[in-house]
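Enquirer: Going line by line, the protein sequences match chains A and B.
Each residue of the first sequence is one higher than the one before, starting from 202 at the first, in our numbering.
Each residue of the second sequence is one higher than the one before, starting from 202 at the first, in our numbering.
Since the hints were made in silico from the structure, they are not lab data.
Among the hints, a few may not be true.
The list cannot tell twin chains apart, which means a pair is met if one copy fits it or any two copies do.
[What the hints assert, rightly or not] Below 30 Å or equal to it, Euclidean Cα-Cα: the simulated BS3-like pairs (lysine-lysine) are:
1. 242 - 269
2. 242 - 223
3. 223 - 254
4. 484 - 380
5. 485 - 236
6. 484 - 340
7. 254 - 226
8. 392 - 380
9. 276 - 223
10. 242 - 484
11. 393 - 380
12. 276 - 226
13. 342 - 242
14. 380 - 485
15. 485 - 387
16. 437 - 406
17. 236 - 276
Everything numeric in this text was worked out from a predicted model, so none of it was measured.
Protein chains: 2
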Amino acid sequence: MSELRYNFVSDEWVVLATDRAKRPKDFLKDTGPPKVLPEYKPDCPFCAGNETKTPLELFRIGSKDSWKVRAVYNKFAALSSRGELIHHDSGIYRSCSGVGVHEVIIEHPAHNACLPLLQDAEVADIINVYQQRYCAVRKDKRFEAIIIFKNHGPSAGTSLEHPHSQLIATPVVPPQLNKRRDQSFKFYKNKKSCLLCRIIAEELKAKTRIIEEGKSFVSFIPYAALSPFHLWIIPKRHMGSFDLINQEEVLDLARTLKETLSKLYYGLADPDYNYTLHSLPLKKGEDDYFHWYLSVIPRISQLAGFELGSGMFINTSVPEEGAAFLRGVRP
Amino acid sequence: MSELRYNFVSDEWVVLATDRAKRPKDFLKDTGPPKVLPEYKPDCPFCAGNETKTPLELFRIGSKDSWKVRAVYNKFAALSSRGELIHHDSGIYRSCSGVGVHEVIIEHPAHNACLPLLQDAEVADIINVYQQRYCAVRKDKRFEAIIIFKNHGPSAGTSLEHPHSQLIATPVVPPQLNKRRDQSFKFYKNKKSCLLCRIIAEELKAKTRIIEEGKSFVSFIPYAALSPFHLWIIPKRHMGSFDLINQEEVLDLARTLKETLSKLYYGLADPDYNYTLHSLPLKKGEDDYFHWYLSVIPRISQLAGFELGSGMFINTSVPEEGAAFLRGVRP
């Protein structure tokens, strides 16, 4: 029989369809080995040498002609940093101006430098740029939250194959972040402990869902994972806001992130995926109970009418089996 | 500049990316006209003549050899109706047994009988079976909610192309339904009015987002639509639970649903879509403030890291433009 599991962090129930569960190897795409890309594409705006094709550069590691990571404005920005934040409230119709920030972080000069193939230090550079942009953007008091995320592959919603991440700052607190704060607060009030600190402690004790354990970070498939190989990477030190990460932790996150993504890359033949950094809303001081984390969602199952219409997920992979499989993958 | 709009029903903010908005015609798939399917496929378990390939039949309209609509158990059920409902609660790990119901409603004997091509009376038969199954399943006191939904096309998560819907009964209240109840309750407490009754009245007055208005139902693109051509079909009469629909309303829903889906079919070249029926949780009596509705989500944009990680949506189609386009589509 199937089992329903409750996700404390998101207040969601997941159906673990054990009767129709797939073995980890069943998820391997038919397409065979990871796609081979060229190092340079003349028409790619993110490739080294094509810098004039991007909008204004905001930050860079390295020199102009030999950069490592660049942050630029998104040419097709969903939100604009110019203008005043004005709220309209007319009965059931509420709106506000689309004030915000939408940046692109170009992770590497080479077109084919996907994250699992980089050096640890190169991944650390990417995270350093995340932190620099987070700190710069949060100074603008019009914004309530910053979301850093990555779309890898067409089914994860990317149109450009050159490795890049994005940063969006929003003038309202996104609903998921509100929900996570509510859940963390309820747990803290009842148990006098941070929910994610407790989860890490329990997961490290149980060991069955762990993928990678570093000095400062741990990656694992959560007990109530919403979809196959859905992963969390969590700092061991209690921190509400991502920008509090220190340099030693950046290096360990780089290593943990790379190792974890490598296991997807080699074990599941470079699946499309998204990752998102969940950090404390900018104007909140609830550092005691909120704990930031990164979630990685491989896009190897489809959201269908049941998921879209109920907010409940059907996961056809058992988290403990998925974790055991990924632990065994050696690049 | 873009605009953020607030969705009162779901408590979500949507970014209307007007700067990068597409014109309705831009969403037309490159694939050209709707796919042509055969009337019968020898290996399709849902085609007339292949009835032995489905699990146990639960209900049927028509005779055994000349049926119109059939409801059968799902061969790959996510939940099972056998067994006791047992809850386990061990600190941060909470689960319950996967007790529930997972049925398939085969909408027509013919493989190529997609909904926009049916007679109104044939669509009414499908809705009658929805109602019959809803009433039959709700008698089981182990269940908290019933979700009826349809996945049309591969990107909407279907693996079988023969037209069919599904019904799932769950032993917990799904989070989206909880959220919608909370929102409706808050509005009712403040305004002494049902939120959806108010929305229908305002939309019928504004007219700009209406697609179809029947005697008992109205379909429109909501003010804060989450994605391009995201639609709601709502009964004009206040009803919390779907099973309260009467026969006259079934006929009008059939007509409104068919007309609305036809506009997607002819105007957007048969896009993949999901629809879901949002009805009152089974054990609740809040008929005063909850109002059932059907939401239709064409799958013509990808959910990416921002949506998955924030719960906020970026919609590249302006609801008023989308509605004007669909109103103009004549089958």
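Enquirer: Could you check the structure against the hints above and give me the numbers of any it violates, in ascending order?
Expert: Hint check: 5, 10, 13 fail, others pass.
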